[in-house]
Structure formats: structure tokens, C-alpha cells
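Numbering follows the numbering used here, with no gaps: position 98 of the sequence shown is 98.
Just so you know, the hints here were simulated from the structure itself, not pulled from any lab data. Quick reminder that beta carbons are idealized off the backbone N, C-alpha and C, glycines included. It cannot be assumed that every hint is accurate.
[To be verified] Derived DEER-like restraints, expressed as beta-carbon distance ranges:
(1) TYR41 x THR110: 15 to 21 Å
(2) SER120 x HIS77: 32 to 38 Å
(3) ASP23 x ASN96: 19 to 25 Å
(4) THR50 x GLY73: 16 to 22 Å
(5) LYS43 x ASP21: 37 to 43 Å
(6) LEU3 x GLY82: 17 to 23 Å
(7) GLY24 x VAL49: 20 to 26 Å
(8) ALA119 x LYS43: 27 to 33 Å
(9) LEU125 x SER56: 19 to 25 Å
(10) GLN124 x MET1: 39 to 45 Å
(11) GLY82 x TYR22: 14 to 20 Å
(12) TYR107 x GLU53: 28 to 34 Å
[To be verified] As a list, the in silico EDC-like pairs of lysine to aspartate or glutamate whose alpha-carbon atoms are at most 16 Å apart:
(13) LYS78 x GLU35
(14) LYS7 x GLU53
(15) LYS117 x GLU35
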Amino acid sequence: MTLTFLKSKLHGAHVTHSELDYDGSCAIDSDILAEASIHEYEKIDIYNVTNGERFSTYTILAQPGSGIISVNGAAAHKANPGDKLVICSYIDVPENQVKNHKPVLVYFDTNNNIIKKTASIAMQLV
């Protein structure tokens, strides 16, 4: 049996472009994708913290070092420049390997500069 786990998370990334007439996808700075171990054309889920929208798409490459996060095609109706996002990818892990699985968590400032990279989220307390 396999279970689905968080593979990678881009936390607090900000939309830089919203391109309705571009091929549907999400263009992400290729350096950011590499840091998060997310591949070109990989399925991602996007959670828009600003407006509550949640949707799935796939990644395409944006210029390295640009900080671009561009929501394209029909999904452009769900995100505007400046919106704060959480972008996640997932992986199926065999049950006997679950204890060894660690996600890649990447955190951003308002300019899409990486401010922290880790493999765990602190336990939420009361």
C-alpha cells in the first residue's frame, strides 16, 4: 500500500503575473523549482491565501533568478499579482518508508526571495 504525502511546499510565495491568454500552467522561477525539488510539468496544487481559491495545475519554467510566479490560463481568474500563495506537490510513499519521508519546505519574503528551507513544520500548540 502507498500513502500520499507532501513532497514539496512553497510557502508565502507571491504572484508576480496573472496571464489569462498564456498556456494554462504556473510558471515558476526555475531556481525556486530546483530548491524545492519540483520538476517542470509536475502537478501542483495552489492554495491562494489572499482569496481562498484552491486549484490544481502544473509547472512550467520561468527565468532563473527572476522570482516569477505566474498563474496562467483559466487559473488566472483565481490569482492576481500580489496574492500570497502556498504551492504544494505530493508523492506516493510505500507504507514501509513513511517514517523516512521528509518534505522540502521553502519559505519566501514578499519579493519571492527564499528566507528559509526546512524539512519539518513545528507542531501546532493550543
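Hint check:
1. TYR41 x THR110: 15 to 21 Å: violated, 28 Å
2. SER120 x HIS77: 32 to 38 Å: holds, 34 Å
3. ASP23 x ASN96: 19 to 25 Å: The hint (19 to 25 Å, Cβ to Cβ) is violated, given that ASP23 and ASN96 are roughly 39 Å apart.
4. THR50 x GLY73: 16 to 22 Å: holds, 19 Å
5. LYS43 x ASP21: 37 to 43 Å: violated, 23 Å
6. LEU3 x GLY82: 17 to 23 Å: With Cβ atoms ~36 Å apart, the hint is violated.
7. GLY24 x VAL49: 20 to 26 Å: With Cβ atoms ~21 Å apart, the hint holds.
8. ALA119 x LYS43: 27 to 33 Å: Since the Cβ atoms of ALA119 and LYS43 sit about 21 Å apart, the hinted range of 27 to 33 Å is violated.
9. LEU125 x SER56: 19 to 25 Å: violated, 31 Å
10. GLN124 x MET1: 39 to 45 Å: violated, 28 Å
11. GLY82 x TYR22: 14 to 20 Å: Once the Cβ atoms are compared, 18 Å apart, the range 14 to 20 Å for TYR22 and GLY82 holds.
12. TYR107 x GLU53: 28 to 34 Å: violated, 21 Å
13. LYS78 x GLU35: violated, 25 Å
14. LYS7 x GLU53: Judged against 16 Å, a Cα distance of about 21 Å means the pair is violated.
15. LYS117 x GLU35: Holds. LYS117 to GLU35 sits at ~8 Å (cutoff 16 Å).
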